[in-house]
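Peer 1: Each chain, written out:
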Amino acid sequence: MRFYHALLRLYPASFRAEYREELCYAFGERTRELSGPLASVMITLAALADVIPNAVAAHWDVLRQDVAYAVRSLWRTPGFALTAVLVVALGVGANTAVFSLADFVFVRPLPYAEAGRLVKLWQGFGSGTNEVSPANYRDWKAMTSSFSGMGAYWRRAANLVGAAEPRRLETVRATPELLPLLGVAPLIGRVFTMEEARTGQFALLSHALWKSQFGGDPGVIGRSVRLDGVPHTVTGVMPASFQFPSRSVEAWTSLVLREGDFTDRSDTYLEVVARLRPGVPAEQARRELAVVSARLAQQYPKDNKDIGAVLLGLRDELSERSRLLVLALCGATLCILLLACANLASLFLARGAHRARELAVRAALGAGRERLVRQLVTESVGISFVGGIVGVAAAAVGEPLLARLVPSTLPIAEHASLDLRVLILAAAFVLLTGLAFGLAPAVRAGRSSALDALRSGARTAGGRTQRLRAALVIVEVAASVVLLVTSGLLIRAVWRIQTTDPGFVADDVLTLQTALPLPKYDSTARRAQFYGRVLEEVRALPGVRNAAYTTGLPMAMRGGIWPVSLTGEEVLRDSSNTVSLRYVTSRYFATLGIPMRRGRDTAETDTREQPFVAVVSESLAKRHWPNEDPIGKRFRLANHERTVVGVVGDVRVRGLERQSEPQVYLPYQQVPDGDIIGYIPKDLVVRTATPFNSDNLLPQIREIVKSADPEQPISNVRTMSEIVAEETASRVTQLRLLGALSAIALLIAGLGIHGLLTFTVSKRSQELGVRRALGAQGGEIIGLVLREGLALALIGIAIGVAVAYAAARGMGALLFGVRPEDPLTIAVATALCLATAVVGCLRPAMRAARVDPLSALRAE
Amino acid sequence: MTNDRELVDDLLPLPPATFHILLALLDEERHGYAIIQDVEARTGGELRLSAGTLYRSIARMVEQGLIAEVAKRRTAADDPRRRYYRLTPFGIAVARAEMRRLSELVRLARARGLKPETA
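Those sequence lines, one after another, are chains A and B. This note's numbering puts the first sequence at residues 1 to 860. This note's numbering puts the second sequence at residues 861 to 979.
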């Protein structure tokens, strides 16, 4: 019987309270005749069979009643229901979208087998990292035991011929160990083996390339395609979900390191991926690598002195900036969630006050406290459920808009997709909001003291509710101030970045790539012929002011860092001697609008037969020859002595937000055949008259390139302005969202103040009437109400500014020098908030001023 | 009274337990366990309501207005600790309607020549 008593707890409390005695009596009577050795087992079973199905059914009955009641009662107040649903949808939608983005970028496993054990290895020097030399890669691989496998690759772009059309591809040359190491099998075909790689050139195609250039033909396996003129046999096609090392790579070709590759330990160009053995923690592998590096440093002091090995997770390459961009959004949407909950709680409290009579009647009719609470929670959870569905749908639709915030360096899709994890997350938010805003008011309404007060119709009944609502208004104001201040700071940062001088004039410059394949264009003379012809004809086109070729465009190509030596000795690169190296044709500076400070441009006459010359940027001249004339100075770079013939302005090569190395520009002809092949000029820059129409210009340039070399593809057609805009694109995306959220937050806070004061004024109409009767003027009454609203707003603003300051300090890396306490931003945010508060106060204040003393007193 | 008629029809067909509880209360007011005993006796032991099923049905029937709790009992035979229930006029109407529905079904089956006895 005690067991049966305990089981009764499964029933809804109201049911239990009503029938407990009767249930026990009836159950006791029914089981009294049971006797014998198995009696207690039988009774236990009977109790279970009786209570469990009936308890479930009883709960279901209550739920059905409550839902039906909730639907009826919300139907009668559609404005309330709609507002509440929208606010939930906003909170849940924003959080679902942003947190699934965060999950996607930070947490979700990368698309490889047991991705957690995959690591990248870099050569470390000081606090920086470098690619790995083949010899060091070979030795790390042979001398360590922490890894079950190690593979290497380097990225290169190649021209594909033999498919639908000549096309420029981003490819990866990978050692045969690499793809099996990742643990992803090809969709069709197989990966290339070590034996194959030794004897020929093989390639795996990306799913997208296979579909677009080979029509998805399975017969592509075994076929030969030419990459930069070299035939490669296709061995397989990777699945659509496979991306490595980033989503732009379209083919993986075989790389074999031969004896010759291991001779120069200072030639670092390999990226290395390794898989930790099961059970080996990263720390242990790091220790082993440290021992190995120390030994190599001893053995090869010339190249390996102070060179360590840095082990990073595949995801650790995410930049601090990408991380913060997403984290800041997470913070913002949490603010919105808080705001939504505060707003809903306030809405429900107000509704509770309006429904005081109804609740009192139901209580008088015998509805227990538990039933009333349950009823109210059903309403709030129902609303948050509907709002949640709307929110998740909006998040699913909106997710692609956040694609710019997914770092392109990660091997993941462009944007997060709606999956089970996201849905679980959304359900958690729904439950959180539903309970957060539903429970407190419901419990308040269910409290017997509140009910007693309601029953007696006392005027003080709303007092505590009012204080709670006032607190909620403060929370709303504070949350919106946090959003306003942080987005204000970020807007200031973006403005500052956008007004940064890139060092060139981006307007009216069209760029495209014609990457000349090797070995076809091995000789400098052959290339000179191509550039000469293309440039001559392009410069002659109507509307074209100038044109030139360069190794890489600023902001598009950020690497290409070399050490310079003033003594003539070869030196190791460190931060005091690095420059960013570009080979250019003549008129490059004029075309891009880089100011010539001294001396001359490179010229077509700067050939291999002439003395090797260089044009340097001002910062290089200042670094090495302060207060001296740099013209005629000599330095060693890229295997040759060069003489400075010109000085140009500095360019933000690494982007608007980062410090760049000084730049050195070399004449494209002053390089031995087959040397420094990674720096062969491939970017054509064309300055046009304003305004220009690239729709007309581009086909003409295509024709010119085609007549110079029919097999030469054109790729990456962009304007320089687009490249510069790309610099702030992820920030602009983030800001649009933040801006929208701040505006909504402000609106909600304003409505919160308005709603609260309207309610206060209606509650206090007698008091206001008395004041009027005692001679208070309309203006005084308005001041009274305004003071109340503004006091709440000011408290909220004070809290909000403090929280915003703390948040802004945390995202210092995003602020680009804007100080977290930036007075202008804080002043504007405060002013906006106060203005909203005043607007929110105005209507209730006017209404208070119109209270008729006579009718107010008569009601008394 | 079309409105009442609609209310009645909304509840049909009745769950068997509900119909039996209505029948048990036809002749006199009873407490819960007495209803269980009455149903069991009338059906020859076929239907033995469990305590949970009974009170869940009672709760719903009170809510629907089919039965009501009896406020005061005077007879000496009554157990003062128990709660007694009685039929409401609406409950009687619903029981009648259910009976009509069942007999109509039986009539239709007979008209088709169906007999309860196996041939």
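Rather than coming from a laboratory, the hints here were simulated on the basis of the structure. Predicted, not measured: the structure shown is a model, and the values here were computed from it. Take the hints with a grain of salt, since some may be wrong.
Computed spacing ranges between beta-carbons, pair by pair [to be verified]:
(1) A:56 to B:961: 43 to 53 Å
(2) A:59 to B:906: 25 to 35 Å
(3) B:925 to A:431: 34 to 44 Å
(4) B:960 to A:56: 47 to 57 Å
(5) A:431 to B:906: 43 to 53 Å
Listed below are several chain B residues computed to face chain A (Cβ distance under 8 Å; list not exhaustive) [to be verified]:
(6) 896
(7) 910
(8) 919
Every residue gets a Cβ at the ideal spot worked out from N, C-alpha and C, and that includes glycine.
Peer 1: Could you run down the list of hints and mark each one as holding or not?
Peer 2: Against the structure, the hints come out as follows:
no. : hint                       : verdict
1   : A:56 to B:961: 43 to 53 Å  : 29 Å, violated
2   : A:59 to B:906: 25 to 35 Å  : 29 Å, holds
3   : B:925 to A:431: 34 to 44 Å : 36 Å, holds
4   : B:960 to A:56: 47 to 57 Å  : 33 Å, violated
5   : A:431 to B:906: 43 to 53 Å : 45 Å, holds
6   : 896                        : 6 Å, holds
7   : 910                        : 4 Å, holds
8   : 919                        : 6 Å, holds
The structure shown violates the earlier hints numbered 1, 4.
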